[in-house]
Amino acid sequence: MDYDLGTDAVELRKRLRDLISTHIPEGFLGACTNDPKDLATTESFCKMLASDGLLALAWPKEHGGGGGSVWQQTVLREEMWAHHEPRGAQYMGINWVGPALMRYGTAEQKARHMSAIAAGEVIWCQGFSEPEAGTDLASLRTRAVPDGDGWRITGQKVWTSYAQMASWCVLAACTDPNAPKANRLSLFLVPMDRTGITVRPIRSMLGPHHLNEVFLDGVEVFPDEVLGELGDGWRVMREALAFERVGIARYARCESLLDRMQSELGDNWDELPESIRTRWVRALIDLRVARLLAYRAVSLQDDPSAGAAASAARIATTTCDQQVAELLFDVLGPTALDSGSSAALHGAVEDHWRYAQAATVASGTIEVQRMLVARETLGAHG
Amino acid sequence: MKTALPEDIAEFSAVATKRLVRFGGPQAALQAETDDRLRQDARTALSDLGAFDLDVRSSSDDLLAAAVLCQAVGATALPYPLVEELMAIDGARLALMNPEAPRIDHGDLAGDWIAADLDGTRYRVQPSSRTAARLGPFLVPATLSPPDGTVPAVDVDLHLTLGSWRIVGAVQQCLEITRQHVVTRMQFGKPLAEFQAVRFTVADAAVAARGLHELAKYTISRIESVPAQVRSADALILRLKAGETARQVLRTAHQLLGALGFCDESDVSVLDRHTQSLIRLPVSTEMLAMRLLPGIRDGGFETLFSGPVSA
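Sequences listed follow chains A and B, in order. Going by numbering that gives the first Met the number 0, the first residue of the first sequence is number 0, and it counts up by one from there. Going by numbering that gives the first Met the number 0, the first residue of the second sequence is number 0, and it counts up by one from there.
Do not rely on the hints blindly, as some may be mistaken.
[Claimed, not checked] As a list, the in silico BS3-like pairs of lysine-lysine whose alpha-carbon atoms are at most 27 Å apart:
no., chain 1, residue 1, chain 2, residue 2
1, A, 60, A, 46
2, B, 1, B, 17
3, A, 109, A, 46
4, A, 60, B, 1
5, A, 46, A, 13
6, A, 13, B, 1
If you are wondering where the hints come from, they were derived from the structure by calculation, not from laboratory data.
Next up, chain B with everything else stripped away, as it sits in the complex (with noise of 0.2 Å):
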């Protein structure tokens, strides 16, 4: 077994974080809110990096690579759909969205798109335009047409998975934030660090954000191996636990960081409203909760004891 991200894999998430920090992170997906030219430079951002030459379908090493790279994507808040346009088709961005209430995060973008529930049925879309909302600031609601064909589950798997490589960058970034802040912040006459009731508070904050960045490493490992069954509940499993600890390591840092964290001067604030969208959507945690109950009695969300015996 083998827990750690390869070598070169690694390196590239370095470098992609260190790109993506340079565009100026959450600050610059600040200013793109008012600033459209900010999405086109992050395009270019996420080009020069190679984004856009990843096989997310057919390479185990470009699917990795894409994940971490939307780990950076996640971390910095980078104002571009890069799930969306990996996730392809016939050059037509694919969004996952809730037919009830149709919303594509940048849908007011130029370029085709198309979107799909998470049964997998497709839509032709019709975005309008964006409603300078505060969280999801890049949300755009769309017309869908009548169901028009099917995606390949596997896309849908990808795509969740792949989104929630985001939630882990913001996740991680938040944590980091949080910890600078409480080391350097003094009330009473020392760190914020030294109290213990925000150190046990940081430390439940830490090993939600481990478990998830194990879930998510453990999952896009195997996606290609799995059954289809299995990779739809893992994926399900992940985009549910992403959110739900997003929601916990945000609560944590808002706190912790007081008014500050609700300020679009740090990068919190920005980070949690622009990171919301991939939260709520496509569904709610418990809407993905209630999908994985037929995995249980399926043997699709595999445990220890589901089936013949597993690793």
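Only chain A is shown next, with the shape it has when bound in the complex (with noise of 0.2 Å):
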């Protein structure tokens, strides 16, 4: 039993601190924000990834990844999500879609895709959730009719992050309303500009790109668009999540707040209340059981234990996200809701803080993880 990373990952922690600390600028929050500067930062410091084979680190080589171990991905993830995420948008291309390619894809849409992505020359949004299905994805409304050789695609999608700033995105419908649940739905890579696709940005607490809507009307999808086998795309969506179901690595960005917050306090630190002060190492506590929560579900791999081990490693790191955001405003206290650069930590604490209100919700709700924890340790009642 040992804890040790592995040297090349320790290496490789290092060398992304120290391209962080050389290319992304002081107080920079990731590419959801008005400033256009922001994504700019992203897309150069994806292209620079790519050159070094970091962008796609996980992937094998032969589809242009770096090869890297699960250990080197796991440091990867909490590097990028403890400094704001300089990957921006592109992650999502990175995590889950170029794997479901690899899966799934025919010979054409690798060539088409899979370089690209590697490249950090596109991004991705991810089609799924409608206005009358969010966690329930096998009851999705969108439909596509067929039309000639392809599909019309006619619906609404909700929620779906980068839609503005994708260039692409796996889309599901429902292509054949009478199957049972399981085979009713169709995956298509389709591109963002084509026609019948509008997207409506959504105010929201979060920020800018983070939520959008993206109106269907007609959209005409061809063969070689569907992504596995038609009627399949349940089965795809849910082994295609399944690629990340660690997750973001959460506790990285809380460890690095509280780090940073507590250098911007110095000695101050010591004049916080006594309440605070024990608030703050239960929290580091959590945050360690959130780590070790996260490793051992990547160390049990294939192994069958290992979906209800990422379930109980994202409800610990989300409850955590939340937990820091209300611990930092408390040390704030009447400056918590300053915002921009120069708010403490640049903003941060109060990007953090709105950001963490969906922790518990986003890519799988906390409520849904804890069925799947209930399902391994009590079995399928209810």
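Assembly of the complex is requested from the two constituent chains, each provided in isolation within its own frame, with the hints serving as guidance.
As structure tokens, then:
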């Protein structure tokens, strides 16, 4: 039993911190801001990572990836999220669109998309959720009606992150409303500039680009754009999302924020109320536990118990995210609501609090994670 | 990275648990409250398992074996001060205590005792007699000598860590009892396990128990390799988390078992009463948190960002 990530992973962490400190401006809070320079920062950073074989680190080398170990991938996830995800929206293409293409894509689809994703040249979005189907994705209503050799898709997607900046979408639609629920859906790889697609941003507390509506009005799609088998979309979607099963390394940003806040406070840290400082202790303990649960889930890999282990890790890390958000706001007291570059940690605390509100909702709600843990613990009752 | 226990340790854990269950589990501990022979028999059971041949101070394999043995002791509420005997100095069992209110678990057992506080200050002790308390039934008030030297800091850390493994065992067993109860107990025509509120409560307890186990494995795996300052913080972190997780899981167990869980015929009641001495002593979790405060400033409390790049 040892918890050593390995020399290559530790070296990668050093290298990534060097790259970030050199190329990411102080106060960077991710691509989802109103300042176009932030998006440009992520685009140039992704290309730099790609040229060093680090953008698609997890991918096999034959697909243009870096062939990195699972622990290198873990470190990459931690360092990117800790530093406000300087890959911007591209992590989605890297983390699951690419792996899904590797498993289900045709030779033509792989040739068209894989190298572009690995090179950091393209942003993907995910057209899954709908106004009437969030967590229950098998109930999607968007229809793909046969038309000539292909289909025309009509419907509405919602909560679609990065839809304004994306050039491609993995779009889920119902191709056979009369089939059993598990066989109704198909996935399509659709360019976002195709006629009939309209994106409308949704103003939200999370900030720009996080949430959008996507309206589909008779959008034409073709047989060579189906990902996997027709009617097999539900299975492909579930397996594709499982590539991300450990989820975002939220604990890493929390640890980073607490470290930065402590540095900013200096000796004033000792003047914080005792109740705040002991909450700080408990937050750091919970973050250590969340990190270890994530490591456990990663180490289980293909073990049948890996799914529940990943759900446990997600529950721990998403609740930590909110715990740290509240702690840091209480540390700041009357200046907690200040935002922008003049606020604490260049606005990172206020930004974290807002984004943390979605932690237990995004990418599988905490209720779904609890159901999965309960299923393993108690069996399939209920 | 290998997050699983080595195979031989996992096998020893299974053997130890089986032997201690055969000894009688929590119901034997209940009987020991009024029959001292059970505690000597408990020692025999531990001896059969080779417990007293383990050298926890100088062999990492022995330390790991001791950890899973403590886990089995915790799961069965074995009525014997295993950690104190494993940490004995010159044949005297070592008790960790708060000098403001010295208490020794099983302090009435024959044999020599010494005590240390969390700063490592050593004391000679004079145990008195048991008080027939419901919570911590084997606790014995003690009188301390003036400070009498020190014990190595690593002894305090090992003591806290092995005690935490006992709590891990108790937590896991309470969760298992709860699981068995909710899948079989019928209410409103169906098992409790079919009610979503019950499922979510069990899921939260299961996540807490899993997290504690991972933390316990992590802590013991690096206890011999990290700097002393980090090792001490690690031990406090684990003990704090163990105490708070035990409170959460025991609360869950009591709530879901209903009145049954308060009865001594239920193992939950015995596990709860007998584990309280580890959850509350030598100091409260709040005091443990206070002791961790300096570590946040001086780097003893290691995080991903507390120092040069670390794993």
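Handout entry: Hint consistency between residue 60 of chain A and residue 1 of chain B [alpha-carbon to alpha-carbon, up to 27 Å]
Key = 25 Å, holds
Handout entry: 27 Å Cα cutoff - pair residue 46 of chain A, residue 13 of chain A
Key = Given that 27 Å is the threshold and the Cα spacing comes to 19 Å, the pair holds.
Exercise for the section: Sort out whether residue 17 of chain B lies within 27 Å of residue 1 of chain B, counting only the CA atoms. Expected result: Holds - the C-alpha atoms of residue 17 of chain B and residue 1 of chain B are around 26 Å apart, at most 27 Å.
Exercise for the section: Please work out if residue 60 of chain A and residue 46 of chain A have their alpha carbons no farther apart than 27 Å. Expected result: 17 Å, holds
Handout entry: Restraint check for residue 13 of chain A with residue 1 of chain B, where alpha carbons must lie at most 27 Å apart
Key = 22 Å, holds
Handout entry: Satisfaction of hint between residue 46 of chain A and residue 109 of chain A, Cα-Cα up to 27 Å
Key = Holds, because 20 Å separates the two Cα atoms, which is no more than 27 Å.
Checked against the numbered hints above, the structure breaks none of them.
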